[in-house]
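Asker: Take a look at the letters that make up each chain.
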Amino acid sequence: MFVRTLNLKSILTATAFLATGATAVSAHVTLENQLAPVASTYKAVFRVGHGCEGKPTIKIRVQIPEGVIAVKPQPKPGWTVAKVKGPYDKAYDYYGTPTSEGVKEIVWSGGSLPDDEYDEFVLRAYLTGDLVAGSTLYFPIVQECPDGAVERWIEIPAAGKSADDYEQPAPGVKLQPKE
Amino acid sequence: MSAISDGVKRTIVAALVLVAVLLAAGDAFAHASLIRSSPADGAVLATAPSSFALTFSEPTSPLSLKLVGPDGSARVLDKSVLRDATIDIVAPTGLDKGSYVLSWRVVSEDGHPVGGSAVFSIGAPSARPSTTAIELIDWPIRSGIWLAKIITYAALFIGIGGVFFQSWIGDRSASVGRLCTGLIIAGLAAVSLSVGFQGLDALGLGLANIARPTVWSVGFSTSLGNLASLAIAAMVTALVAMLSRGRIARPLSLIALALVGIALASSGHASAAQPQWLTRPAVFLHGVGIAFWAGALVPLASALASRPSESTNVLRRFSKLAPWFVLPLIAAGVLLAFVQVRALDALWTTAYGNILVVKLALLVPLFALAVVNRLWLTKPAQGGEARATMRLRRSVGFELVLIVLIFAIAGLWRFTPPPRALAEAAAVPAVLHIHSDKAMADLEITPGKAGPVRASIAIMTGDFGPLDAKAVTLVLSNPDVGIEAIRRPAQISADGVWSVEGLNLPVPGIWKARIDILISDFELVKLEDKIELRP
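Here the protein sequences come in this chain order: A and B.
Taking the numbering used here, the leading residue of the first sequence gets 1, the next gets one more, and so forth.
Taking the numbering used here, the leading residue of the second sequence gets 1, the next gets one more, and so forth.
Just so you know, these hints were derived from the structure itself, not from any lab.
Built from N, CA and C at the ideal position, the CB exists for glycine as well.
Please note that the accuracy of each hint is not assured.
[What the hints assert, rightly or not] So the derived list for chain B, only partly shown, Cβ under 7 Å to chain A, looks like this: (1) 33; (2) 35; (3) 57; (4) 138; (5) 139; (6) 524.
[As the list claims (entries may be wrong)] BS3-like cross-link-like pairs, simulated, lysine-lysine; straight-line CA separation at most 30 Å: (7) 379(B) with 85(A); (8) 438(B) with 59(A); (9) 85(A) with 320(B); (10) 438(B) with 90(A); (11) 43(A) with 104(A); (12) 83(A) with 66(B); (13) 161(A) with 470(B).
The following block holds chain A by itself, in its conformation from the complex (with noise of 0.2 Å):
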């Protein structure tokens, strides 16, 4: 029976669950997923509810953090995808193959999303063990809009700080240890 499947463990999870939604109240485009551990393949999911002050979102550039790599977009209908490749600051090894460059950035345009409506943009992206267990990952994006509005989500908090000191937080995840 599915009720008998609960366990203290599912009571935990779900109470993750709550404290990492607690954490992402405040952003305005956020993750989905703010937990991940490190060499290990994350999916990105970027939520975005809403415009530039009442404008519809044409445009979302991501920022891809060094010690991610192989990044793949995933299509999305009514959009069009770009990458941005270019060097890595180092090499990072994916399963045994050094990789020194690779996408960037991912811009998705060419669609308009109303600001009274909602919808998500997912890419893939392996995070190297290079990384750090513990730190938070930032995605900086950047929003557009007709007009020329514009929302930058690019502010990483400082040591010591959270994303609810800053007005206009980049979305991040928090790094687990390697499973």
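We have chain A; now place chain B onto it with these hints.
Answerer: Frame of chain A; chain B shown alone:
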């Protein structure tokens, strides 16, 4: 599994999941952002509004709504109605003219409070009267400076002017020569002493310290040092001209007269005014003109009194030359008054203006006498009419009294900054330098006082390199009086400096200034510090 029953566990999990889902759903909601305000930010209204309205991008509820008035006092706006995403606020009645800050703090559906401000004005933006600095006045030193000034003026104008008159126009009477010599010698003493007084005044020391060498060197180092040196040169030249009585008397007295103008142009409020190419020659012409006119009075009176027959030629020569000196004197005086006073109301609102009004009031009878002398008395006196000569002499004597009074009044200007200088002092910007390892900024708010201002922001990298930013935003708030962030994008000018025009910061005191520098699309640097605005 036995401690907690399945039913209880199921309830707990369901509750936790529900709460989590609700909170996570909150992610989808944005911070509210202000779409428009009424009155709009920066608006100037003819009359006081009966209501305010704030429209946000989504429904909000107000946490705190305040109206900060021109006097800096904050009023809580507690009468508000929510209408969709708009908050309608009942405005307090009896709002005076001036600038107001409508400051709001609201909570949007994501539970995150956001704040901001809209500045508007009723009638016109508040221009705050500049407060006068309170300083202790050392009356003996003030009197000393003033007396020395009057004696110096008397020596420069009546003394040196008299020497010039005697050598170029006539009346070589010894008594007038003695009076001029006496005035010039007194002037030498007075102008020398004024250097010491100036030093005491500059250092804020009492009269007892007059013997200290530093007092004199400090006094001399001010612009009065130039004036004193040139005035002494003028006086000595005039004395030599007076004593020589020979061929060189004429050129020497002309040089002395020119030196009077140069000395005056070297110092004082008027010479310090911009544009100097205009003000300095104006002061020169004004000074030379006064010396010609004032210097003529004693010899004229003497000539009329003692040798009426001879005085005919003297009067004729004086009348012929007078317009060449008096007209530039008046023109220069009018020009300098305009440069110094700027606005008409400064005539009665500032001490400098008051003195000018008194001086002008004394000039009216002086010019009236001069006109009467020129038009009605000169001709009959030249014709040898005894009664006209008598009246002309009395009139010239009265002119002399008026001129000395004008010297005394003009001497008071030493203690009053002209409205021009007051305006310049008020225009001094408030400055702030913020430095971080990533970037630094020099913020300048001009003028550095509450009211309508403009801000300029020069930015550089943390190691003094050029910083090519994509955008710069200035955010100002005043938590002390409850003014939430006033956010303005800066515009870049040709010289690479960012500026924000048309700002209105209606309250003096400590403001929090934040400069958001967008270095690249994904990199934002925020610099924050405090800046003080004068009242």
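Asker: Would you mind marking each hint as holding or not holding in the structure?
Answerer: Structure-based check of all given hints:
no. : hint               : result
1   : 33                 : holds, 5 Å
2   : 35                 : holds, 5 Å
3   : 57                 : holds, 5 Å
4   : 138                : violated, 54 Å
5   : 139                : violated, 58 Å
6   : 524                : holds, 5 Å
7   : 379(B) with 85(A)  : violated, 101 Å
8   : 438(B) with 59(A)  : holds, 28 Å
9   : 85(A) with 320(B)  : violated, 91 Å
10  : 438(B) with 90(A)  : holds, 23 Å
11  : 43(A) with 104(A)  : holds, 16 Å
12  : 83(A) with 66(B)   : violated, 48 Å
13  : 161(A) with 470(B) : holds, 26 Å
When held up to the earlier numbered hints, the structure conflicts with 4, 5, 7, 9 and 12 and fits the remainder.
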